[in-house]
Structures are given as C-alpha cells and as structure tokens.
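Each chain is listed here by its residues.
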Amino acid sequence: AQSVSQHNHHVILSEAASLELGCNYSYGGTVNLFWYVQYPGQHLQLLLKYFSGDPLVKGIKGFEAEFIKSKFSFNLRKPSVQWSDTAEYFCAVNPSGTYKYIFGTGTRLKVLA
Amino acid sequence: NAGVTQTPKFQVLKTGQSMTLQCAQDMNHEYMSWYRQDPGMGLRLIHYSVGAGITDQGEVPNGYNVSRSTTEDFPLRLLSAAPSQTSVYFCASSYSIELGRETQYFGPGTRLLVL
Numbered sequence: 037a038q039s040v041s042q043h044n045h046h047v048i049l050s051e052a053a054s055l056e057l058g059c060n061y062s063y064g065g066t067v068n069l070f071w072y073v074q075y076p077g078q079h080l081q082l083l084l085k086y087f088s089g090d091p092l093v094k095g096i097k098g099f100e101a102e103f104i105k106s107k108f109s110f111n112l113r114k115p116s117v118q119w120s121d122t123a124e125y126f127c128a129v130n131p132s133g134t135y136k137y138i139f140g141t142g143t144r145l146k147v148l149a
Numbered sequence: 354n355a356g357v358t359q360t361p362k363f364q365v366l367k368t369g370q371s372m373t374l375q376c377a378q379d380m381n382h383e384y385m386s387w388y389r390q391d392p393g394m395g396l397r398l399i400h401y402s403v404g405a406g407i408t409d410q411g412e413v414p415n416g417y418n419v420s421r422s423t424t425e426d427f428p429l430r431l432l433s434a435a436p437s438q439t440s441v442y443f444c445a446s447s448y449s450i451e452l453g454r455e456t457q458y459f460g461p462g463t464r465l466l467v468l
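Sequences listed follow chains A and B, in order. One gets this note's numbering by counting positions in the first sequence from 1 and adding 36 to each. One gets this note's numbering by counting positions in the second sequence from 1 and adding 353 to each.
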C-alpha cells in the first residue's frame with residue numbers, strides 16, 4: 037500500500053536553529069509532493085509543493101524542500117527557525133493518476149524563544 | 354470568499370446516534386474530500402468527490418456515507434456513531450484533481466466525541 041513516513045514525531049528547537057524534517061514515501065511512479073502546516077488554532081495551509089522541474093522548491097516563510105527521487109524523499113528545511121514556526125507539519129503525496137492525497141503522521145515542532 | 358466552512362465545530366454523540374457533518378465551499382472547486390485526524394496517525398482520507406454526483410472511497414470509509422448533489426456542498430454522514438469515530442474531521446477542496454497538483458484548502462475542522 038502507498039504510504040508516507042515522517043520519522044520525526046516531535047522536534048524541539050531553539051530559535052535560530054536549523055530545521056530539517058524528513059518525509060519518505062512508498063510509490064514507484066510519478067508523484068506530486070506537498071508540505072502543509074497547521075499552526076495552533078488555525079486551518080491546515082500549504083507551505084510548498086513540487087510536481088516537476090527543479091527538485092529544490094521554495095515555499096512561504098523561508099521554508100524549502102528538496103525532492104530526491106532515488107531516495108523517495110521530500111525533506112523540509114529552514115535555515116533559521118522562529119518561535120512563530122511552532123506548529124504541526126504534514127507531508128502529503130499524490131500518486132499521479134490517482135484522486136487521493138496520502139498524508140504522513142505529522143511532526144510537531146516546538147520552537148523555544 | 355468564505356473558503357471552506359464546516360459545521361458544527363464540536364459535537365458530542367452517544368453510541369448508535371447518527372449525524373451529518375456539513376462542509377461547504379464557495380470557490381467553485383471540483384474536488385472535495387473528508388479526512389479524519391487522530392493522534393499519531395496524521396490525516397486519513399475517508400471519502401472524496403471529483404465533482405457533483407461523483408464520490409468514491411478513501412482509506413477509511415467504513416461507517417461513513419457521503420453525497421455530492423451540488424458543487425458547493427459535501428456532507429459526511431455517520432450512520433451509527435461508534436467511540437472509534439471520535440476524532441477531528443477536516444473537509445478540504447481544490448480546484449481540480451486531474452493533475453494532482455492543486456493546493457487543497459482546508460476547513461477549520463469538526464471535533465466529534467462519541468460516548
């Protein structure tokens with residue numbers, strides 16, 4: 037079955053630290069990839085997405101992600117986190133040709149001021 | 354635009370009761386979907402619709418029904434609530450699903466507690 041793995045369930049960082057959240061998927065074909073974020077008390081919203089072209093994509097609020105096809109990975113990065121980045125982050129995959137999005141289990145990030 | 358709206362925000366049910374979670378969007382989106390969010394399990398797809406009159410099952414459809422009579426509305430029905438259906442339910446919509454590249458817009462969620 038197709039699945040998305042986020043290995044870091046809880047991450048605690050100090051402000052200005054660098055962030056990398058892992059995302060791996062199991063699907064051998066073409067995929068569309070997403071990172072969504074859920075700030076406390078807010079709706080889920082899109083951070084960034086990748087479907088073709090440059091495998092390094094930039095999103096909102098200084099986030100970026102790199103698609104490595106050989107590793108089936110789409111890791112999220114930010115060079116310097118802020119307290120306001122405290123949120124839950126979800127990786128999602130749409131296997132091309134399907135009408136479904138598969139979400140990972142999420143990573144709760146807490147940034148200490 | 355109001356975006357994606359969901360009602361109610363919170364609901365308590367007794368085992369065996371039925372209810373409908375409402376979802377509406379005013380963006381003329383073709384694709385709508387329902388997810389449940391449980392601790393440690395992320396978001397799991399319950400049902401989805403690619404347009405009015407067209408619905409299909411997702412990963413965890415048992416115990417839930419949907420219909421899509423209009424583009425705007427996509428209600429989720431719990432036929433006979435069970436404690437295992439205690440969860441937070443999110444509705445989402447996107448312009449289309451044909452290429453799978455569209456951003457999904459999420460509603461605020463409905464917290465459901467089944468006793």
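Warning: the hint list may mix true and false statements.
What the hints assert, rightly or not - Examples of chain A residues lying across from chain B (beta carbon under 7 Å, computed):
#, residue
1, Leu82
2, Leu84
3, Phe87
4, Ser132
5, Phe139
The set of hints was computed from the structure by calculation and includes no laboratory data. Beta carbons: idealized from backbone N, C-alpha and C, even for Gly.
Cross-check of the supplied hints:
{"no.": "1", "hint": "Leu82", "verdict": "holds (5 Å)"}
{"no.": "2", "hint": "Leu84", "verdict": "violated (10 Å)"}
{"no.": "3", "hint": "Phe87", "verdict": "holds (4 Å)"}
{"no.": "4", "hint": "Ser132", "verdict": "holds (6 Å)"}
{"no.": "5", "hint": "Phe139", "verdict": "holds (4 Å)"}
In this structure, the one hint that does not hold is number 2.
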